[in-house]
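**Q** Listed here are the chains, written in short residue letters.
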Amino acid sequence: MAKQIPLVDYLELGDDPHLTANECTACGARFFDRRNACASCGKTEFNRVAVSTKGEVRAFTIVAFAAPGIPVPYVAALVDCGGTSVRANLINVEPDPEHVTLGMSVSLATEVVGTDDHGTEAIGFGFEPLGG
Amino acid sequence: MASDDLWILGIHMTKFGKHPDMDLVDLASEAVLGALSDGGVEMKDMGVIGAGNLMAANAGIGQQLQKQLGQTGIPVYNVANACATGATALRVACMAVKAGETDMGLAFGVEKLSGAGLLSGGNRKSDSGTWEPSGRYGAVAPVDGRIGTEIMPGVFAQIGMEYGHRYGGTSFELFAKISEKNHSHSTLNPLAAYSKKMTLDEIMGDVMIAYPNTRPMCSANCDGAAAAVVVSGSKLKTLSLEQQRRAVKISASILTTDPWEESCQILPDVNTLTRNAATQAYEQAGIGPSDLDLVELHDCFATAELVHYDNLMLCDVGGAVDFFNSGATWRDGSMPVNVSGGLESKGHPIAATGIANVWEVATHLRGEAGDRQIAGARVGMTHVIGLGSACGVHILEKAA
Ligand SMILES: [Zn+2]
Numbered sequence: 000m001a002k003q004i005p006l007v008d009y010l011e012l013g014d015d016p017h018l019t020a021n022e023c024t025a026c027g028a029r030f031f032d033r034r035n036a037c038a039s040c041g042k043t044e045f046n047r048v049a050v051s052t053k054g055e056v057r058a059f060t061i062v063a064f065a066a067p068g069i070p071v072p073y074v075a076a077l078v079d080c081g082g083t084s085v086r087a088n089l090i091n092v093e094p095d096p097e098h099v100t101l102g103m104s105v106s107l108a109t110e111v112v113g114t115d116d117h118g119t120e121a122i123g124f125g126f127e128p129l130g131g
Numbered sequence: 000m001a002s003d004d005l006w007i008l009g010i011h012m013t014k015f016g017k018h019p020d021m022d023l024v025d026l027a028s029e030a031v032l033g034a035l036s037d038g039g040v041e042m043k044d045m046g047v048i049g050a051g052n053l054m055a056a057n058a059g060i061g062q063q064l065q066k067q068l069g070q071t072g073i074p075v076y077n078v079a080n081a082c083a084t085g086a087t088a089l090r091v092a093c094m095a096v097k098a099g100e101t102d103m104g105l106a107f108g109v110e111k112l113s114g115a116g117l118l119s120g121g122n123r124k125s126d127s128g129t130w131e132p133s134g135r136y137g138a139v140a141p142v143d144g145r146i147g148t149e150i151m152p153g154v155f156a157q158i159g160m161e162y163g164h165r166y167g168g169t170s171f172e173l174f175a176k177i178s179e180k181n182h183s184h185s186t187l188n189p190l191a192a193y194s195k196k197m198t199l200d201e202i203m204g205d206v207m208i209a210y211p212n213t214r215p216m217c218s219a220n221c222d223g224a225a226a227a228v229v230v231s232g233s234k235l236k237t238l239s240l241e242q243q244r245r246a247v248k249i250s251a252s253i254l255t256t257d258p259w260e261e262s263c264q265i266l267p268d269v270n271t272l273t274r275n276a277a278t279q280a281y282e283q284a285g286i287g288p289s290d291l292d293l294v295e296l297h298d299c300f301a302t303a304e305l306v307h308y309d310n311l312m313l314c315d316v317g318g319a320v321d322f323f324n325s326g327a328t329w330r331d332g333s334m335p336v337n338v339s340g341g342l343e344s345k346g347h348p349i350a351a352t353g354i355a356n357v358w359e360v361a362t363h364l365r366g367e368a369g370d371r372q373i374a375g376a377r378v379g380m381t382h383v384i385g386l387g388s389a390c391g392v393h394i395l396e397k398a399a
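Protein sequences, first through last, are from chains A and B.
The letter at position 63 of the first sequence is residue 62 when you use numbering that gives the first Met the number 0, and the numbering goes up by one with no holes.
The letter at position 25 of the second sequence is residue 24 when you use numbering that gives the first Met the number 0, and the numbering goes up by one with no holes.
Hints were generated in silico from the structure; no laboratory data involved.
Treat each hint with caution, since some may be false.
[To be verified] If you anchor each label on the Cβ, the simulated ranges turn out as follows:
| id | chain 1 | residue 1 | chain 2 | residue 2 | range |
| --- | --- | --- | --- | --- | --- |
| 1 | A | Leu12 | B | Gln283 | 49 to 59 Å |
| 2 | B | Gly318 | A | Glu97 | 52 to 62 Å |
| 3 | B | Arg330 | A | Asn46 | 48 to 58 Å |
| 4 | A | Glu11 | B | Ala115 | 36 to 46 Å |
| 5 | B | Pro19 | A | Gly81 | 13 to 23 Å |
| 6 | A | His117 | B | Arg165 | 39 to 49 Å |
| 7 | A | Gly81 | B | Pro189 | 49 to 59 Å |
| 8 | B | Glu201 | A | Asn46 | 27 to 37 Å |
| 9 | A | Glu97 | B | Pro189 | 37 to 47 Å |
| 10 | A | Gly130 | B | Gln283 | 50 to 60 Å |
| 11 | A | Asn46 | B | Ala98 | 12 to 22 Å |
| 12 | B | Ser133 | A | Glu97 | 36 to 46 Å |
| 13 | B | Lys176 | A | Gly130 | 55 to 65 Å |
| 14 | A | Glu97 | B | Gln372 | 40 to 50 Å |
Ideal Cβ positions, reconstructed from N, Cα and C, are used throughout, including at glycine.
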């Protein structure tokens with residue numbers, strides 16, 4: 000199998016791919032980026048926690064017109080994963096309003112984004128309709 | 000008038016649209032000279048300048064303007080605050096006058112955006128070489144289009160859709176109808192970049208940018224400038240009766256940023272900071288939403304206008320769809336919104352927008368809006384939001 004690297008460092012690969020967040024130990028606020036402190040309470044200690052791989056689409060758009068080099072159309076969404084909001088594309092679904100609906104149940108899926116000159120695959124993630 | 004009141008003494012906006020023969024300073028000069036002349040004052044009367052420009056924010060537009068109109072040595076604050084840049088420049092003038100540092104201040108905003116395409120959202124270079132994590136997410140490749148979207152039409156589409164998910168009642172057609180209203184309003188505005196009426200079919204059948212926003216449902220990139228002269232109540236008392244009669248009271252001037260909310264770093268929360276700004280503005284002005292005769296709000300996309308009906312408390316919580324469907328926000332309705340045509344047709348030269356909307360409302364309060372005059376208008380509100388985020392709200396009242 001080709002060597003793999005996650006598209007972003009908050010995507011955990013392996014047998015059970017999932018997202019991880021920096022959770023503030025003081026107030027519980029969750030963040031996906033590298034933190035200097037908590038934007039909610041200002042404290043500076045965080046635990047790395049796993050985010051649910053199942054969620055509900057709270058908002059979406061179907062982008063038909065994007066910057067050069069970005070394939071369209073694609074579905075961008077805000078997914079509520081058990082109380083933690085996640086930004087992601089919806090994948091493995093027809094990108095039209097008949098197939099993508101507000102409130103639909105989705106689960107995390109990974110896909111190959113590309114391969115670099117050394118044969119390493121970058122693995123990205125999206126959410127796909129639950130139960131096909 | 001109380002001595003520590005703030006007033007708009009003079010105000011002006013240029014025609015929005017294409018100005019290929021004018022540079023930033025030409026456009027800003029036209030707006031500033033217009034505002035000074037409108038107020039019956041000169042550059043030497045100004046004690047401070049709040050200067051707004053976003054796309055060339057490091058170029059010192061305030062001092063460039065002074066080099067053409069008058070190097071009087073007064074402090075210039077060059078500001079950039081995304082789409083709230085104009086409102087921020089106005090806030091600077093208001094704060095300086097309110098603080099007693101000067102009794103008259105100038106604010107202007109200018110932008111040249113004609114021909115600009117999609118704003119934000121990075122170009123994607125070919126992915127090659129060696130994957131190398133970088134940035135705060137340790138990304139090995141650009142994420143726009145791979146992990147959601149960064150383009151504004153897509154971000155604001157989701158903001159409207161989220162409102163629909165929470166309260167129901169939204170649809171592609173509903174959002175398009177909001178755009179239909181604003182394009183209809185624009186036919187009466189000679190300063191709008193686009194003043195063509197559009198049918199619902201034309202709007203829905205136009206090029207899709209980011210569902211449910213088609214091209215005419217997006218703010219129009221264009222060139223333009225606007226400027227205002229702010230004066231203290233005590234100084235205004237010393238000016239002519241005609242200047243006092245045409246002066247427009249700034250009953251509230253508010254700027255907020257987005258307080259932390261669970262999902263705000265995932266999808267920008269444009270709601271909480273707008274609601275906070277509106278709450279503070281109503282309190283500062285001592286009025287409520289029912290006192291407003293017209294509102295110019297930040298319809299950067301048709302999907303955004305809907306949520307701001309709610310955020311500005313023009314309707315009940317969750318009631319924006321019913322409120323719009325009642326016809327309230329058309330110019331002949333109970334709460335006319337964006338009678339200028341809004342950003343979708345008047346245009347959105349970013350830094351000018353937060354002063355141009357004040358010009359629109361002030362012109363109605365003065366009874367000088369011509370064919371699109373809202374009869375008997377006495378109180379109005381302006382609202383802008385810049386992603387990042389910043390929200391500016393002003394409440395204006397006709398002189399007694
Ligand atoms: Zn915290």
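**Q** State for each hint whether it applies.
**A** Hint-by-hint comparison with the structure:
Judged by the Cβ atoms, the range 49 to 59 Å given for Leu12 of chain A and Gln283 of chain B holds: they are separated by roughly 53 Å. Range check, Gly318 of chain B to Glu97 of chain A: about 28 Å between beta-carbon atoms, so the 52 to 62 Å window is missed. Distance hint check for Arg330 of chain B and Asn46 of chain A: the Cβ-Cβ separation is about 55 Å, which falls inside the suggested range of 48 to 58 Å. At roughly 39 Å, the beta-carbon separation of Glu11 of chain A and Ala115 of chain B lies within the given 36 to 46 Å, and the hint holds.
The hinted range of 13 to 23 Å is not satisfied by Pro19 of chain B and Gly81 of chain A, whose Cβ atoms lie roughly 54 Å apart. Between His117 of chain A and Arg165 of chain B the beta carbon distance is about 46 Å. The supplied range of 39 to 49 Å therefore holds. Restraint check, Gly81 of chain A to Pro189 of chain B: a C-beta distance of roughly 54 Å satisfies the suggested window 49 to 59 Å. One distance hint, 27 to 37 Å for the beta-carbon pair Glu201 of chain B and Asn46 of chain A, is violated here, with the actual separation near 53 Å.
In this structure the hint that Glu97 of chain A and Pro189 of chain B lie 37 to 47 Å apart at CB holds, the actual value being about 42 Å. Take Gly130 of chain A and Gln283 of chain B: their Cβ atoms lie about 52 Å apart, and the range 50 to 60 Å holds. Between Asn46 of chain A and Ala98 of chain B, the C-beta spacing of about 45 Å breaks the proposed range 12 to 22 Å. One distance hint, 36 to 46 Å for the beta-carbon pair Ser133 of chain B and Glu97 of chain A, holds here, with the actual separation near 38 Å.
Distance hint check for Lys176 of chain B and Gly130 of chain A: the Cβ-Cβ separation is about 35 Å, which falls outside the suggested range of 55 to 65 Å. Taking 40 to 50 Å as the suggested C-beta distance range, the pair Glu97 of chain A and Gln372 of chain B conforms, at roughly 45 Å.
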